[in-house]
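4 protein chains.
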Amino acid sequence: MPAPAVNLRDFEALARERLDARALGYYAGGAGDEVTLRENETAWARRTLRYRVLVDVGVRRLDAEVLGQRVSMPVLVAPTAFHGLAHPEAERATARAAAAAGTVMILSTLSGTPVEDVVAAAGGPAGGPVWFQLYVYKDRGATAALVRRVEAAGCRALVLTVDAPVLGRRERDVRNAFRLPDGMSVANLVPAGLAELPAAARESGLAAYFAAQLDASVTWNDVAWLRSVTRLPVLLKGIVRADDAMRALNHGAAGVVVSNHGGRQLDGAPATADVLPEIAAALDGRGTLLVDGGVRRGADVVKALALGAHGVLLGRPILWGLAVDGEAGVARVLDLMRAELDLAMALCGCPDLAAVTPDLVR
Amino acid sequence: MPAPAVNLRDFEALARERLDARALGYYAGGAGDEVTLRENETAWARRTLRYRVLVDVGVRRLDAEVLGQRVSMPVLVAPTAFHGLAHPEAERATARAAAAAGTVMILSTLSGTPVEDVVAAAGGPAGGPVWFQLYVYKDRGATAALVRRVEAAGCRALVLTVDAPVLGRRERDVRNAFRLPDGMSVANLVPAGLAELPAAARESGLAAYFAAQLDASVTWNDVAWLRSVTRLPVLLKGIVRADDAMRALNHGAAGVVVSNHGGRQLDGAPATADVLPEIAAALDGRGTLLVDGGVRRGADVVKALALGAHGVLLGRPILWGLAVDGEAGVARVLDLMRAELDLAMALCGCPDLAAVTPDLVR
Amino acid sequence: MPAPAVNLRDFEALARERLDARALGYYAGGAGDEVTLRENETAWARRTLRYRVLVDVGVRRLDAEVLGQRVSMPVLVAPTAFHGLAHPEAERATARAAAAAGTVMILSTLSGTPVEDVVAAAGGPAGGPVWFQLYVYKDRGATAALVRRVEAAGCRALVLTVDAPVLGRRERDVRNAFRLPDGMSVANLVPAGLAELPAAARESGLAAYFAAQLDASVTWNDVAWLRSVTRLPVLLKGIVRADDAMRALNHGAAGVVVSNHGGRQLDGAPATADVLPEIAAALDGRGTLLVDGGVRRGADVVKALALGAHGVLLGRPILWGLAVDGEAGVARVLDLMRAELDLAMALCGCPDLAAVTPDLVR
Amino acid sequence: MPAPAVNLRDFEALARERLDARALGYYAGGAGDEVTLRENETAWARRTLRYRVLVDVGVRRLDAEVLGQRVSMPVLVAPTAFHGLAHPEAERATARAAAAAGTVMILSTLSGTPVEDVVAAAGGPAGGPVWFQLYVYKDRGATAALVRRVEAAGCRALVLTVDAPVLGRRERDVRNAFRLPDGMSVANLVPAGLAELPAAARESGLAAYFAAQLDASVTWNDVAWLRSVTRLPVLLKGIVRADDAMRALNHGAAGVVVSNHGGRQLDGAPATADVLPEIAAALDGRGTLLVDGGVRRGADVVKALALGAHGVLLGRPILWGLAVDGEAGVARVLDLMRAELDLAMALCGCPDLAAVTPDLVR
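Protein chains in written order, with my numbering: chain R, 1 to 362; chain S, 1 to 362; chain E, 1 to 362; chain P, 1 to 362.
I should point out that these hints are in silico values taken from the structure, not numbers from a laboratory. Here the structure is a predicted model, which is why all the values come from computation and not from measurement.
Cβ-to-Cβ under 7 angstroms is the rule here; a few derived chain R residues that face chain E:
| no. | residue |
| --- | --- |
| 1 | Asp-163 |
| 2 | Glu-171 |
| 3 | Asp-244 |
Quick look at which bits of chain S chain R covers, simulated, 3 or more residues with Cβ under 8 angstroms:
| no. | region |
| --- | --- |
| 4 | 171–179 |
| 5 | 212–220 |
| 6 | 234–241 |
| 7 | 261–268 |
In this text, a Cβ means the ideal position worked out from N, Cα and C, and glycines have one as well.
Kindly produce the complete structure, drawing on both the sequences and the hints.
Okay, structure coming up:
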């Protein structure tokens with residue numbers, strides 16, 4: 001019997017044994033030389049925490065409010081594609097675990113599970129919050145139809161990915177000729193009038209699909225358009241510049257996710273921990289500020305909060321948990337993060353999130 | 001016959017061969033990814049010593065006064081837990097070696113040897129100085145009883161650990177299911193009305209014990225309370241911030257130990273060598289300033305002094321010496337440090353500690 | 001069947017298998033300890049790209065004008081010696097691939113193929129642009145004759161190498177006793193009255209040749225002399241200082257190539273990415289500014305442009321492509337670079353080269 | 001037949017095969033963890049050379065004047081102990097090679113060859129310059145006698161080592177129980193009334209000897225005393241601080257050697273390349289400024305000169321040459337350095353030493 005996973009890296013090691021090579025490459029890989037992929041992790045580790053002592057931390061509260069929704073901790077489930085590659089219960093399992101953990105699941109557009117089923121798995125419209133990550137397609141009508149569908153399904157926010165006008169080149173996928181297994185499809189797109197992912201394509205099938213369907217001409221004006229077709233708050237995900245973050249708010253976004261797509265789009269993009277401070281300084285408290293990329297430890301979350309984020313998104317580790325043990329694996333991953341965050345806050349002298357102030361990081 | 005130990009790293013290598021895996025993991029390990037554990041050592045090595053030449057160093061004096069007590073060198077024995085894991089003579093052996101070396105032994109609360117026996121081993125109340133490291137327990141009456149007991153036993157100072165409102169997560173101990181061997185107990189606590197360490201517990205028994213017994217609600221006010229129940233000087237150990245160091249003195253502490261608990265509490269805490277200068281600058285000569293973490297060479301001690309410390313605490317190397325050869329091993333470790341410190345001072349042009357000035361470090 | 005090359009590093013790996021040890025050492029090696037060779041590559045990787053989002057990149061244009069000539073992308077073929085070591089079609093194959101790719105081939109003086117044949121392979125004087133890299137020989141008359149010949153052949157610019165008054169010591173060549181294979185000769189020099197490379201020589205035959213033929217006394221005045229014997233624009237290649245770049249323009253050069261000769265001349269020279277910004281600042285838009293050294297990714301090209309270059313030269317990767325598959329291999333290398341550059345620009349929010357501004361790099 | 005040595009590192013590799021373990025450890029080792037030993041080398045490599053182009057370097061001159069003596073290049077032979085461990089011809093072989101190379105040999109006090117024989121090997125008092133490195137012994141009369149003897153022998157300068165009031169602890173020697181082979185003695189000391197090195201001693205015999213004979217009480221006043229007993233210029237070797245360098249000149253020294261004793265005394269001392277600039281700035285042209293430590297390449301010499309030194313001393317590489325092939329090996333080492341220096345100067349656009357200006361380094 002293997003030893004139980006003690007931390008998120010253990011989950012990664014276990015998942016590597018269980019996933020087939022194509023799925024593992026798709027989940028684990030990044031663009032190009034994977035410099036940004038690695039830097040995302042090490043940038044958190046380079047920061048130190050100047051903890052405070054002799055603060056009463058007998059009672060800790062990790063709960064937060066994000067986009068007006070209460071979460072039990074400032075750790076949300078990042079949108080990641082095709083959970084069905086990891087486990088037959090796919091996005092349903094993840095949604096159940098996220099809801100049980102009291103946090104948000106952000107459902108990827110590239111999901112094999114209909115959005116209605118995911119919301120149902122999270123407990124229905126009044127259950128755990130589900131947000132929907134989307135792209136703007138060349139077919140704006142179909143995009144609007146998709147938005148209406150996810151609204152109707154009970155999603156509570158939209159997360160517009162802005163760092164992927166074209167798909168990054170993930171060389172592991174090129175080498176593996178990555179494609180979806182037979183029978184897996186992009187469930188939410190076809191009914192909206194959007195094309196199905198092709199069964200096979202030269203190099204990465206996904207890249208071909210992106211080139212054909214997604215609109216590389218999307219601009220800031222389309223943010224206004226998106227807002228005009230939804231009543232949901234819109235976050236822009238994939239921002240690494242202070243000026244773009246300001247522009248996002250000025251164009252009506254409810255906030256931004258500082259992200260480089262987990263190192264999967266532009267290799268050479270800065271680590272998110274390195275750009276977060278200047279973006280937080282520019283926003284100066286306006287809008288919702290989230291961050292993802294390389295978060296593997298509870299102490300990383302404290303660092304992100306101290307650098308100005310309201311919360312973090314957890315991506316690959318959720319997939320490792322899912323691959324290892326389905327819903328229970330995701331639940332364990334979230335439990336580990338909660339326990340580590342609770343411990344790190346206690347040791348930093350922070351009884352609640354408000355106590356996580358910039359002087360803690362350096 | 002193995003070659004004799006030439007330096008402290010040799011002692012570590014020899015001790016690794018002798019200790020069982022659980023004890024070794026407990027002694028050697030740090031929290032989380034052990035980043036702080038490693039940084040503690042490398043931060044000393046990053047500093048260079050701009051030695052002075054043509055100073056008369058024909059006679060060197062290493063003796064110092066710490067908390068009004070004369071020590072033969074500014075290297076004290078740090079409080080470390082459960083010496084019985086290393087040698088049957090346990091804390092007695094360490095105390096005998098420290099006293100013979102003319103320096104302070106700081107006895108850990110987590111000792112299997114009664115404090116009276118440790119003081120006796122050090123030569124009694126008029127012998128080698130013994131200080132006592134303690135926590136504030138939920139049961140303040142029992143905490144006060146413990147303080148009275150160690151006072152009565154002849155301890156000459158209290159070292160209050162402030163970086164452990166909860167226990168850090170040392171993953172080696174979790175993996176090893178660390179627990180004390182049968183028959184070993186926390187000898188000083190039960191008579192004071194405090195609970196015995198449980199024989200077994202989920203993950204680390206120690207963590208469970210801490211959560212149950214120690215008070216995570218302790219604040220600066222409790223420093224005043226502690227002072228009200230003792231006539232001994234109180235040092236606060238585990239400080240990494242200049243503002244906390246100032247607060248310590250303002251609340252009546254006699255000084256502080258710059259420490260991150262040897263990297264065993266908050267992984268991501270800064271290396272002590274990196275924060276020592278700003279703390280020294282803030283204190284500006286007020287109070288006693290000690291430091292621990294990663295000191296492995298005599299030159300590290302010179303660096304610590306030049307950065308403003310009055311002395312250093314030596315932790316793990318003492319345990320390596322104890323594991324290798326009991327009292328004689330500890331004595332040899334202290335002898336090596338003394339010889340290295342003497343040599344480093346001579347080569348820096350410092351005939352005594354007063355000559356170790358800030359311009360030596362960079 | 002080996003997997004197809006996914007990036008330029010794959011081409012390098014494949015080429016290493018095909019080249020004999022002497023040729024490989026000659027192509028891959030650098031001077032001395034090869035510190036500059038390695039730094040050239042890592043200096044690009046150290047820079048990050050602060051990409052912009054929500055810019056319309058539906059249509060991208062990579063074309064540029066360099067020295068008044070239109071190229072399909074700002075990636076030119078650097079002058080490298082003796083393509084015949086890699087493939088029997090030698091410089092002809094490279095020229096065909098460069099012309100087909102719509103970019104400049106810079107022909108090295110140290111070519112086994114007559115310049116007329118290279119221009120013909122590129123499509124003749126009205127075909128793909130060919131520039132000629134040259135040295136100033138002790139025999140100025142012969143140098144002038146060489147210039148007249150390359151002009152007559154249809155070359156459109158001269159690239160004067162200024163970082164090689166004497167030949168760098170490439171220890172791989174010394175160890176391999178590098179010399180040209182029998183039958184290979186420096187085709188363009190003998191008719192101009194210049195000496196043939198000797199068949200054998202102590203240590204590197206090339207070094208002996210340089211010492212005998214090239215003029216280490218060349219100064220800025222010789223730039224004026226060179227301009228007096230040609231109507232072609234002259235670039236100075238091998239500059240790493242802002243003052244030298246200014247001097248180049250002041251002496252009538254049309255521009256400079258920031259280069260350290262691919263780490264083959266002075267080991268210890270700075271990485272080109274590290275000196276490019278100050279040179280760009282000094283030139284402030286005057287003259288043509290190119291750079292080479294360590295460019296291996298499309299994102300490196302974007303970084304170079306953002307740091308102020310008008311284009312980059314690609315050296316060793318062209319040779320790897322040539323060794324792997326002749327003209328088709330070079331074409332594939334250029335295709336890969338174009339695709340990577342196109343992708344990196346799209347992901348940076350740059351629809352054309354004018355959009356690549358300094359704020360992208362950091 | 002092994003390949004001939006192409007650079008100084010090759011000589012080191014060859015010497016490692018030939019020397020017995022004790023001699024190799026004594027030559028190669030440094031103090032403590034050998035951090036300074038390694039840093040000495042890497043500090044040169046961290047500096048880059050901003051070479052100048054289009055300077056007439058058709059004729060290069062490497063000759064320099066050091067302490068009023070003409071040398072063919074600014075590379076001197078550092079004082080190193082006991083050449084007899086490397087070759088039976090010992091210091092005689094080194095002196096012959098140095099004289100033939102037109103440079104200074106600095107003879108170590110710890111020589112097994114009488115100083116008169118070394119001067120004779122260098123060509124006599126009018127031959128190659130020999131300087132003498134010395135310590136101040138407790139017995140000042142004997143020290144003065146030694147000075148008179150080396151003066152009479154024809155030495156032209158004294159190099160007083162000031163970084164060794166006590167001997168550094170070189171753990172390789174401790175582990176090897178380093179001692180001189182039978183029959184080797186400190187030839188210049190006994191006639192002067194100084195003690196012979198003991199045949200055996202605890203740990204390093206050398207350390208015991210130092211402790212017994214050398215005077216750790218030497219101060220700046222003793223520099224005046226030394227000057228009073230000699231008409232030779234005195235250099236102080238082992239200085240790493242600007243204030244000490246100024247003090248040296250103010251006490252009548254003719255100059256200083258920036259040195260940390262090759263990393264053999266205080267481990268943790270700064271790399272000499274790192275402190276050279278501030279010392280050069282403080283001296284501002286006054287006195288002779290030499291440097292040693294980690295010089296392995298001609299480009300390192302250019303860097304040293306650009307940082308303000310008048311010349312460098314070469315230590316261990318001389319011993320490697322001596323071990324490999326006696327006088328011829330030392331000659332080849334000096335030839336390699338000369339060729340590398342000549343090449344580096346040519347590539348930096350420096351026809352002579354005066355052209356090596358501070359703007360070259362960064």
